[in-house]
Amino acid sequence: MSAAAAVIRIGLTPVILDDQTTFLNAWRRWLEGRLGQPVRFVQRAKYRDITDLLLGGYLDAAWVCGYPYVQHRHRLRLLAVPEYKGVTTYHSYIIARAGTDQRITAFKDLRGGVFAFSDPDSNSGYLYPSYRLLSITRDPDHFFRRSFFTWAHRNTVDAVASGLADAGAVDSYVWESYRHLHPEHAGETRVIERSPPFGFPPLVTRARLDASLASRLARVLHTMEADADGRRLLSRLFLDRFVEPRDADYDGIAEMAAQVEARRR
Amino acid sequence: MRFGARSYRTRIPLSLVAVAMGTALALSMVMAYETYLNVQVDNLREGRRLAHAMIPVLRQALKHEDVWQAYEILRGPAAGPQEGSAVDARRFVLVDKKGLVFASNHPLDYPVARPVGPLLPGPNGFSWPPGEQPVTRRLDHWQMMVAPILSEDEVIGHLLVLLPRAAYWDRFIEIVRGGALVMLLVLAVVLPIGWIWGRRMVAPLARLSQCMARVGRDDLREIQCSIATGDDEIGTLGRRFREMLQGLRQKEALERQMVSQERLAAVGRVAAGVAHEINNPVGGLLVAIDTYRHTPLERRQSDKTLDFIERGLRQVQEAMQALLVESRLETRALQPQDIDDVQRLIQAESATRERRLHWHNRLSGPVALPAGSVRQILLNLALNAVQATGPGQRVEVVVEPRDAALVVEVVDEGPGIPQHHLERLFEPFNSGRAGGTGLGLWVTYQTVTQLRGEIEVTSEEGRTRFLVRLPLGEGGASHV
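Residue numbers (this note's numbering), protein chains in the order written: chain A, 1 to 265; chain F, 1001 to 1480.
Please note that the accuracy of each hint is not assured.
Restraint ranges, calculated between C-beta atoms of paired labels, are given here [unchecked claim]: (1) Glu1152(F) to Arg231(A): 35 to 41 Å; (2) Pro38(A) to Gly1099(F): 51 to 57 Å; (3) His1064(F) to Gln43(A): 49 to 55 Å; (4) Val191(A) to Leu1185(F): 55 to 61 Å; (5) Gln37(A) to Pro1115(F): 54 to 60 Å; (6) Val191(A) to Gly1122(F): 39 to 45 Å; (7) Pro1115(F) to Arg263(A): 53 to 59 Å; (8) Leu134(A) to Tyr1036(F): 41 to 47 Å.
The hints are simulated quantities; they were obtained by calculation from the structure and are not laboratory data. C-beta: ideal position from N, C-alpha, C; glycine also.
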């Protein structure tokens, strides 16, 4: 099979909110037009699945969270990073239900409650809150009465809003986009804690990917804002543009990961 | 208005309508009750089915400790476009084997990882059912189904399905409302039909009744009715009535014949007297003519003789007039002259018998009564009185208007009518007199009745009195 006709497979995780088929079709077609090759998006429920597919060679690229990237830093290469509200960073938000539950104002108030994580490989949805626990309690496994994974950031918002969980941890970008798209749900959750900034979930490829393909992909993404259609697609994602990523931006996440894993051993 | 007092034209249709409505109502109530029971059963069945569908996935969620997945399954039935509150109102609670809430579709009411017992309705003391079959319980306003979740014969949790009884009510009301609408539509069609049908059933009876009511009121010859003739009871009534009407008509015709016969018979009775009355002046007239012929020419007084003859002939004419009138049917109003005519006729009769006749005609003008009928009554009673008295006995006749009526009073000094005869006095063919028709008083009675009057008789030895009172201004029958 010649390289020109080979399908480019890009994995997607719940780091982005809009996994609607119509949007993805439009984006796919735009990429196909720019790359001159067929493109396919691949979605899976868990971050781990996408990471595995990427490392296994089935996927050529994937949009992942910073945490899986740092976990496999030596086998992955950064392609592009979104610029959101002028910066290439985002935060982890600890959210609680709005309204009557005003007694919860800080992380420590969550003792004995029910907590919703997003994905075990999510920085904002798992790593950061776990890291926070380390500084609050000596027995992080029993701090909450019950905790569980929702497998998607928007699910975490739903879980907290419905009362299934007392609080949860979400990606700030997803949380804000969700409120933008569904103003009727806007008032149901509130942020009780904001993390320091971390590197925005990047688009990565495996290190072994063909270098020309990798650079072509990168170039297409970086010039997306130059194109009218591309800008339209970016605005659907509430993003300014894609830019050249900086590896150092993910050191923060790596540091937290090291501490949390050390604690676990 | 009492129900029983209303006409059958209302009662029958009303009864039909009442029966229809009563049936509709009874049916409605029975069906409503059935519906309520069915709604309960349906709800329970659906709850069971849902539980059955959810349990395999819930089993996996329990084993994988996947709270979110369990939540997504449990809120499935209510997700999507909002239906009525009934679906939302159901509670699905997944409980782990320690009795703690694992997940539910109403997380605020059933917090995760809390014991479920205190959260359930009804008095505390909830215990897990033994065995592997689902169990249904009633708690307060809820119906609860408990289904154990098994993994390789080990109970790893339970699914609780709570159905609020209020939900039945909404659905029940919905169904009943629909049913009531249909019922009303059906009634809207059936009731008018029932009413009309009832009316039509009763119509022949009503017509027959109306016809019968006319029998006493109107002339029999003028009563024309369309009478039902069928095989049913009303048809039989109709046929009998028609036969009866025929009979009545024949009887009336016969009576009319008898009355006119009696009139002629009465004329016959006075004929002799009248003949006598005519004979007397006629004899005198012939004598006068003879005298004239035998008078020498120069002494003949033709004027005087002619006057005398004229007067005599007038007398004859008047006598004949009275008789002629009597033999004719007179429908004109009564005049005082008529009373004088009858007196003349009676006079002739009584004179031959040397009765003393005292006659008092107190009419001053015409009277609104048929002349023929009154003359016949008067003639009959007066003749009877004259014939009942002996020589030298008195007969007194008074005819006068009194209190908006014409009063005819005939009194005689005869031997009187015996008591047993008095009771049957006005019956036909009942004269105590040989040679008579026996119809005189019967006809008199019929005539008086036809004129809406009264006749009264009192009798004792030496004095018999007949009193007739005929009201004026009433439309009596214009026929005899």
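Evaluation of the provided hints:
no. : hint                                : verdict
1   : Glu1152(F) to Arg231(A): 35 to 41 Å : 57 Å, violated
2   : Pro38(A) to Gly1099(F): 51 to 57 Å  : 55 Å, holds
3   : His1064(F) to Gln43(A): 49 to 55 Å  : 21 Å, violated
4   : Val191(A) to Leu1185(F): 55 to 61 Å : 60 Å, holds
5   : Gln37(A) to Pro1115(F): 54 to 60 Å  : 58 Å, holds
6   : Val191(A) to Gly1122(F): 39 to 45 Å : 40 Å, holds
7   : Pro1115(F) to Arg263(A): 53 to 59 Å : 31 Å, violated
8   : Leu134(A) to Tyr1036(F): 41 to 47 Å : 60 Å, violated
Hints 1, 3, 7 and 8 from the list above are not met by this structure, while the remaining hints are.
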